[in-house]
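A.B. asks: Make a model of the complete structure from these sequences and hints.
Chains as they are written, first to last, in our numbering: chain A, 1 to 201; chain B, 1 to 201.
Hint data in this document are derived by calculation from the structure and do not stem from the laboratory. Among the hints, a few may not be true.
Repeated chains share a single entry, so a pair holds when one copy, or any two copies, can fit it.
[What the hints assert, rightly or not] Subject to a maximum C-alpha distance of 20 Å in a straight line, what follows is the list of computed DMTMM-like cross-link-like pairs (lysine to aspartate or glutamate):
1) 43 <-> 80
2) 48 <-> 117
3) 199 <-> 117
4) 69 <-> 146
5) 190 <-> 117
Protein chains: 2
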Amino acid sequence: MKIVIVGATGTIGKAVAAALRGNHEIVAVSRSGGDHRADITDKASLEKAFAAIGKVDAIVSVAGGAVFKPLAALSDADFELCLHDKLMGQVNVVRTGWRSVRPGGSITITSGTLAQEPMPGAAAISLVNAGLEGFGRAAALELANENIRVNVVSPPWVTETLVAFKMDPTHGLAAAEVAKAYVRSIEGDKTGQTIDARKLS
Amino acid sequence: MKIVIVGATGTIGKAVAAALRGNHEIVAVSRSGGDHRADITDKASLEKAFAAIGKVDAIVSVAGGAVFKPLAALSDADFELCLHDKLMGQVNVVRTGWRSVRPGGSITITSGTLAQEPMPGAAAISLVNAGLEGFGRAAALELANENIRVNVVSPPWVTETLVAFKMDPTHGLAAAEVAKAYVRSIEGDKTGQTIDARKLS
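C.D. replies: Structure below.
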């Protein structure tokens, strides 16, 4: 399969690329490197990248930032960043990318465990992640008409990220383990699902 | 209890007010009428209304529009409307309202059945409704520190709305039945929950 990874230079993106590379052709898309440059907050840059890449069998999005901050401290600008980066950015990957996906192919986007298991400081991120799961369920119904599957992978805290932030990595899941959920979405037959990466490791 | 209903002139809002009025003091807030005017897309108007109303025991939000349209037809403007009306509008009710709620009180916002059970045409609405459920779960954790409960009510299609739109009302739930979920949120002790209005009727 020819597989586009949007966010290919991130912690999870690199692990997903590594997990797929032996069996598939990978096209790396990133804001800052890879085969094609695109910024998910800039829909035109995604359209340009997909036009240059041509037909593919799968698109994976592992991109998008959001703000972790107590509810009382979240500003209007913080919410706007969350809405337009991780949330609409990934919605835009689906909106701009689906016409490039061959029948029988798939699109996989990324939410996160805070969607269903919040913690203090996660109000904006929980909104974004749960919103992506709702969007994925609905988009899958419509893209079924094009024979394109849509899933959402929900990663837990990633060990490498916890280490980078000098947080306790004990309850993290290694990026290579998280990547298995994306492989399952791409190579399996699920659609409209939120795949909890902890349940596949 | 003194209870603010934001969206008090809508189909569900009127039913919630009717269900609560015998036992509680109702303050009706609406874009177009009621005791105080406020538009949930205009955060300053909410701040002004809450300042005028003073301390309350509960806030209910039953306001917010979103766009029902196939994914391929949803424009950037459609998504922006959804993000800033029903989604951030209700987030703004929580952000601007919680300081007015007395300890022991509650805030109840509104999602909808399409969050978990989508249909074609619901991509933007499913995103909004699921996002509100994620936000509610997270906000409840933080506002527990203030002894304020936060719940989300998920109404199904409302019979009166289906009739108004000349749709088949067979599987709708009457607004008076939907209102029971809000009463449960306000008078009960749940927090951080999404209350499925179909399961209380």
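A.B. asks: Does each hint fit the structure? Answer for all of them.
C.D. replies: The hints, checked one at a time:
| no. | hint | verdict |
| --- | --- | --- |
| 1 | 43 <-> 80 | both (16 Å within a copy, 14 Å between copies) |
| 2 | 48 <-> 117 | neither (36 Å within a copy, 34 Å between copies) |
| 3 | 199 <-> 117 | within (15 Å within a copy, 23 Å between copies) |
| 4 | 69 <-> 146 | between (40 Å within a copy, 17 Å between copies) |
| 5 | 190 <-> 117 | between (23 Å within a copy, 17 Å between copies) |
The earlier numbered hint that this structure contradicts is number 2, and it is the only one.
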